[in-house]
Structure formats: C-alpha cells, structure tokens
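Those protein sequences? They're chains X and E, same order as listed. Going by numbering that gives the first Met the number 0, the first sequence opens with residue 0, and the numbers climb by one from there. Going by numbering that gives the first Met the number 0, the second sequence opens with residue 0, and the numbers climb by one from there.
No wet-lab data here; the hints were simulated from the structure. Small disclaimer: the values here were computed from a predicted structure and weren't measured. Note that the Cβ used here is the ideal one computed from N, Cα and C, for glycine as well. Just so you know, not all the hints are guaranteed correct.
[Unchecked claim] Here are the computed lysine to aspartate or glutamate pairs in the EDC-like style, where the Cα-Cα straight-line distance is at most 16 Å: (1) X:Lys203 with E:Asp94; (2) E:Lys103 with E:Asp74; (3) E:Lys252 with E:Glu267; (4) E:Lys73 with X:Glu188; (5) E:Lys104 with E:Asp151; (6) E:Lys358 with E:Glu270; (7) E:Lys9 with E:Glu53; (8) E:Lys275 with E:Asp364; (9) X:Lys118 with E:Asp13; (10) X:Lys184 with E:Glu53; (11) X:Lys121 with E:Asp13; (12) E:Lys243 with E:Glu368; (13) E:Lys243 with E:Asp364; (14) E:Lys14 with E:Glu54; (15) E:Lys29 with E:Asp202.
[Stated by the list, open to error] To spell it out: a stretch of chain X is covered by chain E in this simulated footprint if at least three of its residues, at any positions, have a beta carbon under 8 Å from a beta carbon of chain E; those stretches are: (16) 174 to 187; (17) 192 to 201.
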Amino acid sequence: MKKKKTQLPELPPKAKQHMGMKARNAISNTLIHILLIVITIIWLVPFVCIILQSFRCESSYMVGYVIPKEWGFDNYIALFDTDFPKWYINTFITAVITALLQTVIVLCMSYTLSRFRFKGRKLLMRFMLILGMFPGMLTMIILYRVLKDIGMTEANAVPGLILVYIASSGMGYYVSKGFFDTIPKSLDEAARIDGATRLQILTKVILPLAKPIVIYTILTAFMAPWGDFVFARYVSMNVSSGMNVAVGLFSWLNKDMIDGRYTMFCAAGVLVALPVALLFIFLQKYYVEGVTGGAVKG
Amino acid sequence: MASVKLTNVKKVYDKKVVAVSDFNLEIADKEFVVFVGPSGCGKSTTLRMIAGLEEITDGTIEIDGVIVNDLQPKDRNIAMVFQNYALYPHMTVYDNIAFSLRIKKLPEDEIYNRVTHAAEVLGISEYLLRKPRALSGGQRQRVAIGRAMVRDSKVFLMDEPLSNLDAKLRNQMRAEIILLREQLDTTFVYVTHDQTEAMTLGDRIVIMKDGYVQQIGTPEEVFERPENLFVAEFIGAPKMNIMKTQLLYENGKYYVTPFDSKIEVDGETGELLKEKGYGSREVILGVRPEHIVLSENDAQNTISGTVMVNEMMGSELHLHIKTADDTKIIARTPTVNLCREERLQLKSGHPVHLTFPGKVMYFFDPETEKNLIY
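Extracted from the complex, chain E is given alone in its bound form (with noise of 0.2 Å):
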C-alpha cells in the first residue's frame, strides 16, 4: 500500500531514441490507475521505469515519498505480473508462488500458509504441485498473479496480463481483477493496450502516444471529453466518425453542414459552444457510432449512404456506411429497435438515410487537434 509520483520522468534508448518524455503523474494510495495506448507509445517502458528494469534517463520516481530511481526492483517492494507469465519451467506450482518467500527466507509454514492461502483465493489450489508445463494459459496467469500476491508488496505491476488469453478468457479473468484488487486493497499499474480493459479497471486512465501522455482522467472524463482527437479516437469501440466540415453561426443556433446536410447543434454542446464564443469556422466534427440515428426518410439533416457491411453483434448491429463521397461511417444500432424485417433489409447495397444527433457532437480543432469545448 502505498503512493506512486512519478515527476518529469524521460527515458532515451542508445542516446537517440526517446520512449518516454515529461511523464508526470501521481498515484494515490489503493488506486487503480491504467496506462493505455498503442504499440510502442512507452506504457510498458513507463511500467518497467517504476519496477526498476529499466533505468530512468531524467525526472524522479517516488513509491511512497522516497526515490527511488537508484533502488534495485528487489528493494522498491514491488509486484509484477508479466504479459507472458515468466513462471519459471522448472519448479512447481508451489515453488514459482514460494520463490520470493523463499528468497526472503522466511520459515517453511508461514510460506506454506501464504502459498496455500493464495492459491484458494485463485482457485489454482489442486494444482500446486504441477509443473507450469501442464497448465492452461488461464492457469499459468492465475499462478503468475499469485506469485505476487503472496509477497504482500506496496505496489502491483502488470504489464499486459491478459492479451495472451483468448478473448472468453479475458473477459473472465478481467472480472477477477476486479475481485482481486477488492481483497489486496493496494495500488495497481495496470499496462493495457485494449481500451476495454483500460475503460472497466482503471479509476483513471493513462492515455499515451509516441512517449507522450495525451490525457489522464476517469473513464467517464477520457469518454465524454477527450482533450484532444488522439484520444477521442483511441477510445471508444469502434472508434469515434471524424470529418472535416463547417460550423455555421446564424441567428445564435450553431449548425454543421457535413456531406451536404445541415444538422443543428442543440443541448449542451451548443451551449458549450455559445459559451466560447465561436463564430462560424472550419472544425473536425466527431460523432460516436452509438448515437448515430438511422432515419426513414430524406431530410436536410440526413445523410444520404449505402450500406457496405452488416456486422450483427447480436444485442445490436455495426453498420458500415459509405457516403456519396466514399467516406466510411460506422454506425451503432442496438437490434431491439428494429424488427425483423428491417434487420434483414440492412444488407450490403442497401441505402439509408442517418443523422446526427446535435446534442452528443464532439468538435476539434483541425490544426491542433485540440478539443474545442472543454
């Protein structure tokens, strides 16, 4: 249990390739705090820096007030669960979760009773005296989860524990995260490139790209505002429809005029709008694939499109939409809304008619890409 702060931390491979630049954040005690992001963006290098792996180029880490950018990983009292297990082949079940007691010295029955202990907990109990060898990849993950768990460390690591598993798999082993944190009751850096993954754990998120942190907020904050188009589209799935089109200003409504439609912006993003004080100019217009509403009939505030691929995911459907224009659009429809007979006509070639709703629209700017509301 303690805190992490990290402040300006910099990490440069060979003197030339920058991984990681000005990463600053402070982790509380017991949260859960998740670096997201695509390959090669340096989360897994940022997890690795606080573990001790990997030395730090520039900046300061600290794990509960002292520094510890000198320490060795052995002396920060950390746990780490890798993404490929890193069980060690040749000892038992038991012995891969008694290692670090073992190392520690401590006396056979208290190793015995923690060894034991976690192993109920991770439901791995009848197969302690296997080899890692003849586990399933679930089994070898819960041993490798359990090999930190029994040393009562101050931090929790885990740098992508859940991609080698199947997506079932993930699914079920995400909820026992969950649980899991509930009973440890310590701080958890979770290492993820899977925005669901990043969405359902974290108390707050980490979004990163090319070295950078593009924003750090809750899941809410990262959904519903996103500082910057990057992160607008990272999460979300599928990912966020982003056009270039023209905001108008007239007569105190605001109104957009994508693919030749015109659709006003009402509720609280107009307001936001109104708020900044933005005339009529070019902006990226984002709209997520939820709200996009499938409409009847032709009207100015329709988009006219074709129909290119029907994806039924059962509680709704992935609509891939192609306008006049050849620009694709992905649109969101839950089944419930629609009968059966509408379901089947939704099928490549077939043309529909959407719209946007003004009242769920993002807006950036097309140099900086930055958010326009917030």
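Just chain X, with the same shape it has in the complex (with noise of 0.2 Å):
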C-alpha cells in the first residue's frame, strides 16, 4: 500500500476561525428556523380553521371567511340531537378496550420473543415480518363474511371490530422487543433466583422498566380503531348504530346533509381530535422516547 500524502490547507488564525464558526452557525439556525415557523404555519392554518368553524353560530353552511361573527357552542349543543353521541360512545369502547388488549398481548409476546428461546422462534418472527407486508385490506371480505355468519355485524359491529383489530396483535411486537432487548438478562435471572415467576418478572421489573414503551404500545393501540374508516365502514354496512366517528361523518358528506351540517361536522372533528390530542400531550415525553429508545440503549 502506497501512503499518499495529503497537503494540508493553511489555516486561518484560531481567532478568525471562530469567529467564522460562530457567524455560520448563527445564520444556518436562523434559517432552519424560519423553515420551520413557515412549515407549522402551512400545518396549523387547516384545524385553526375548523376550531374556528365550530364556534360559529351564524350560519351552517360553508362560507368565504374564516373567523365567525357570532360566536356560540350552538354546534356542538346541536351534535346531542344525532347519532353522533352513539358514534362516539362506539368509537370509544372499542378503542379502548383494542388498546388494553392488544397492549397486553404485544408486551407478552414481545417478552417471549425477547427472553426465550424456542424451537421455530426465529422462523416465526419472519413469517411475522413477511405476513405484515401484505395490505390488511387484503382479508377485508373474508373477515367480513366470517364477522356476518357469527353476527358480529351492522349494529354489532364495535364486538367484531374489537375482534379484527386485537387478533393480529401479536404482530406488532417489533418496537417492544427491540426495547426488551436492552434490558440486561441478569435483572431476569437475579429475578428469578429470587424466588419470582416469569408474569412476576414482567410486571415487577420488566414493565416498570419499559415505562415508556408501554406507553407508546398502548397510545398506538388506541389510534388505530380511534381513526380506523374502511374497515368500520365495511363492517356496519350503513347501520347508524354500529358506525364509529369516521364512518358516521363521513354519512354527513353528501350534497344534502353538508349544508345544513357544515359547522357541526367541524365541532364533531375538534371532540374526535381532543382525546388523541391531549393523550399526545401528557404523554409524548415517554412516546419519544419509546420510539427511540429500542436502537439507543439509554
């Protein structure tokens, strides 16, 4: 190997050279700050709307300004003579107890598929891997049919939602496990010494550990049927009673309705945001970190 050598450019007197780096790193901050301001303004200026859109009480239609000239809580009042409410509740109930199941199937798993080792382990996290590429939309007819035939449909739809969606829970363990696996071995084996059960080692010092992946799982797990439309659509086949929010507005969304509803459509987005807004607000600190927190050992 021949060494070739470098020539090394004249360097500018230490003083200058800082003096340079301070006034670079001034100005390429204030620039990724201008970026970033102008970003969240083009982001923001579509809900400022319609929080503003449902507080108006004017009119109901769609109009061609933005701030409204009386200001009132006509619109949501107006939502508890709907099937909004219904809608609501639905939406609600399976939100929440997919993200309390499948939270506990996925932590489970991921801390079978962390911590043991089995026969067909490696095979199956593969064929997890591989199974999850295909679109879920994929098996949209069959479930259907097999939800229709054990009358899980129409307006029993929130128990055969709750179904579809926790079944293929186990699935989604890839962010936990990769956070289990930082966890060292001997807290498990000092554990178990100590006289603990493998459900005590999880839940006594595994889980309190993983606070934040916990977290993360069960914010996920709410998200999806909270916003899920195609498959809820599907399942209540137009039966008010069995719709989610989505499904239910998405019925407000036709030439007839949208004239008379324009407003109260809005005041129904801003209750279906609040929830998930303020879950993300209280608890995006451990959200990050969760994220992250399964490639970085912290």
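Both chains are given apart, each in its own frame, so use the hints to dock them into the complex.
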C-alpha cells in the first residue's frame, strides 16, 4: 500500500476561525428556524380554521371567511340531537378495549420473543414480518364473511371490530421487543433466583423499566381503532348504530346534508381530535423515548 | 446449609459447542469452593447450572441429596450474586433486598427486621432509601450481597462478584467476603478468573480449562503440587518460568541443564525423583519467580542474562531477565535483601547471574504435561 501524502490547507488564525464558525452557526440556525416556522403555519392553518368554524353560530353552511361573526357552542349542543354521541361511544369503547387487550398481547409476545429461546422462534418472527407486508385490506372480504356468520356486523359491529383489531396484534412486537432486548438479562435471572415467576418478572421488573414502551404501545393501540374508516364502514354496513365516528361523520358528507351541518361537522371533528391530542400532549415525552429507546440503549 | 454434588455434569450448547465436560465434584456442607480458570473455561456455565439458569445436558446435580436437574431456580433454594450486580434499577435499596421476601409473602415486619439486619452487617443502612443509580460500585456490590443474604438459602453462589471493582476496593471486599462467610456459615461456590481471589478465599479450588477440570485441591495443594503444567502456570503471580531442558542422572545425583548451566536437584525434589526412579530424560522444568536467587558471580550453576524491565513493587522487585538465547525469565526479589545501590543498579541492560534452588523445582513430562513428581 502506498501512502498518499495529502497537503493540508493553510488554516486561518484561531480567533478568526472561531468567529467565522459562530457567525455561520447563527445564520444556519436562523434559516432553519424560519423554515420550521413556515412549515408549522402551513400545518396549523386547517386545524385553526376547523376550530374557528366549529364556534360559528350565524350560519351552518360553508362561507368564504374564517373568523366567525357570532361565537357560541350551538354546534356542539346540536350534535347531541344526532347519532354522533352513539358513534362517539362506539369508537371510545372499541378503542379502549382494543388498547388494553392489544397492549397485554403485544407486551407478552415481545417479552417471550426477547427472553425465551424455543424451536421455530426465528421462523415465527420472519413469518410475521412477511405477513405484515401484505395490506390488511386483502383479508377484508373473508373477515366480513366470518363476522357476519357469527352475527358481529351492522348494529353489532363494535365487538366484531374489537375482535379483528386485537386478532393480529401479536405481530406488532418489533419496537417493544427491541426495547426489552436492551434490559439486561441478568435482571431476569436475579429475579428468577429471588423466586419470581415469569409473570412476576414481567410485571414487577421489566414493565416498570419499560414504561415508555408500554405507553407507546397503548397509544398506538388506541389510535388505530380511533381513526379507522375503511374496515369500520364495511362492517357497519350503513347501519347507524354500528358506526364509529369516522364512518358516521362521513355519512354527513353529501350534497343534501352538508349545507345544514357543515359547522356541526367541524365541531364533531374537534371533539374527535380532542382525546388523541390530549393523550399526546401528556404522554409525548414517553412516546419519543419509546420510539427511539429500542435502538439506543438509554 | 447443604452439600452439593455434581456427577458427570456436561453442558453442550446448540448440540455443537461443548462448554463443560465430565465435571465431578462433591462440595461439603459449609465449604467454600472456588472455580477458577481463564475466560471461556466453563466455570460460569457450571455455576449457572447449579443455579438452574442453564439446563444440564448430561449428568446430575444434587443439592442436599435431592437431584435438582429439573427444578426451577426458585425451587432450589439458592442465592446468587452476579458480576454486574443485577440490581433492580427502579427500586430502592430496601426494596431490592426485600424483593425475594415479598415474593415469598413474608409479613412486612419480618421483612423489615431481616433487611435492616443485613444492611447493618454490610454497612449500607444509610443508603436503604436510595436507588442503585446513586450508589458507588462497592456499595452496589454490598446491596447485591445483601439481597442474597436475607434469603437464608442453602447455597450461596457468586459469579465473579469483584470483577467490576477497582483494585483497592476489590482487596477490601475480598476481606469482607471472608468475614461474611464466617457470619453466614453456609455453603459457598465462587467463580473467579483471578487466582489471588481463588487462593485467599477457597477451602478448595477447582481449576478449569476448556471445559475440563484440571485439578481440585486446597490452595496449598494446587500451589505446591500442581497436577499439570497448566495449573502450575495458572496459579501463582507472576507465573512460573517454564523451560525445556535435560534431566541428568549421574552418580546417584540429579542435575538439570538449562542454558548451558548445570544445577543439582537436591533436597526433597531430588529424593522424590529418585523414588520414582527416573533416569536421564527430557523434561519441562518449572521454577517459580520467587525461588530464583540472584548471584554475585558467574559459576557453573548460574545462568547469565541481562535485565530487560525492572518493576518496583515496593516490597519486592519483579525482574524481567533475558538470557543469552533470548528466553525471558521473571524473578521476584525481596527488596530487603538488596541495598539501595544494588537496587538502583538493576536497571535495563544490567548483566545479572541467577540460579535456581534445586529443592523447589517442578518437573513436567514434555508430552503429557503431567507433573512427574506427584
């Protein structure tokens, strides 16, 4: 191997170089901040518009201005005379039960795959990875058929949806398994010698240490059913009492109804966004830790 | 308090890698046994098999006469201290120590008594409400020992408990483990790669290499009568000097001829050689650094060399000496025997003469590497 000698460029005096760096940093920081502010405004405009529209009382149809002339909660109150509360309850029940069951399943699955070595473990993980690559829509027709046969469609869509959402939840183990892998195995071993069962190890040692990932799992498990549209619409089959918020509100979006209900639609949108937004604001810290925690040992 | 018996224990990983073979050992009640060996020799694996953290491929392990092969760790009534402490980071020191007792559902006041007693013995009472994060390495190790102490278990297993501590703290904790052992009065199995720990702590030492037991014996036995070359080199620091040489038998006396010298093998060693009836033959000669004597002048029974490195250890010098044919010999010389001028002279490049005392030599077979005398 020949060693090439590289000529070093002449360096400016130290003080000057320092100043230059400082100035350059300041400029690039300013540019980045300006860009971020512009993006934030573009993102926030629709949300602000919807919130403002939801408080408009003077008319219920689309108008050419944003700031309401008369403010009030009329739109929110009017929602109670529609099927919206029913949809909201449907969605809430579905999302909460799914979040609970799915979290339990995902965490047990992740712990098992992280700590136990059994025959076919690798195969199982690869199989689930490949299975996860197929779009879920493919299964819709057959799932509908099954749900219809056991009477879980139309007005009974809620249990049917819960069943479908949690059925494949074991496949979402990647992030939490990655997190569990970073918790030293000797903690499990110490607990085993201390007399703990596997379940006790999981609940008393591993989960308290994996708080961010538990919260991340609950959040994602809550979000999916909360915002689901395609499958929920298919299963509820135009029966209003089986709809969730997304499907129900969509039924308002037609020429006959939207003129009378545009501001109510906006109010409903705000109410739907509220729980998720609140959850995120309070749990954001853990969410970020959970997403990045699997990769980098904290 | 219990005896532990291992019979033909074997561990194979993935049907391929043999980690431990043919391990036979009986540990008496209240005995302190140390497993020692270089990394990868299977000592930790054996300990983990006793603990129940590794499955036993073949053979049996008995604790107190009961075969425990298929028992879960929690049913074996053992306590274990891990190298990395394995403290539960989210619990306070008190909760860490109390964890096993709470699992057993003991009454809280009983738990309180046991935990505070253990903390007192270990001198960690003032840290009971801290999290492990806020403790130093030595304190964490005490907590780990405390967690094992409160359980009243039959066997106390320790997996390199001092390896993560700095040298000074390690010496201190070693002394404390000896005290702890007197207080607990139970059976100990201790794993280490450090021969000093093994020598100072163990009633008996098990020396392992590549999954096989090399020798089991008291510290005196393994030091004075190593069964083979590996044990001889492993026990003792700095390690024994090894050289291939010729053993001569002339007129009823034995001589060795390292580096063109001729040194008489006398004393006990010579008599033992005679008892075994060896004639002249090839041998591997072993001489411990502390037995090497520096001599003033060149003679037939001395070897000449030059000092390469002089390590001043305080009470003694470790001299790394290069002989004429570039072999390295390490000698330990107590500083009390040298006056200041002599000490200062012994720097790099200084010529020295040294000799081996015939009565404390070790002889090994060049082929089998077995000790020829014992």
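Cross-check of the supplied hints:
no., hint, in the structure
1, X:Lys203 with E:Asp94, "holds (11 Å)"
2, E:Lys103 with E:Asp74, "holds (12 Å)"
3, E:Lys252 with E:Glu267, "holds (13 Å)"
4, E:Lys73 with X:Glu188, "holds (10 Å)"
5, E:Lys104 with E:Asp151, "holds (15 Å)"
6, E:Lys358 with E:Glu270, "holds (9 Å)"
7, E:Lys9 with E:Glu53, "holds (11 Å)"
8, E:Lys275 with E:Asp364, "holds (13 Å)"
9, X:Lys118 with E:Asp13, "holds (11 Å)"
10, X:Lys184 with E:Glu53, "holds (13 Å)"
11, X:Lys121 with E:Asp13, "holds (15 Å)"
12, E:Lys243 with E:Glu368, "holds (11 Å)"
13, E:Lys243 with E:Asp364, "holds (10 Å)"
14, E:Lys14 with E:Glu54, "holds (13 Å)"
15, E:Lys29 with E:Asp202, "holds (10 Å)"
16, 174 to 187, "holds (count 3)"
17, 192 to 201, "holds (count 6)"
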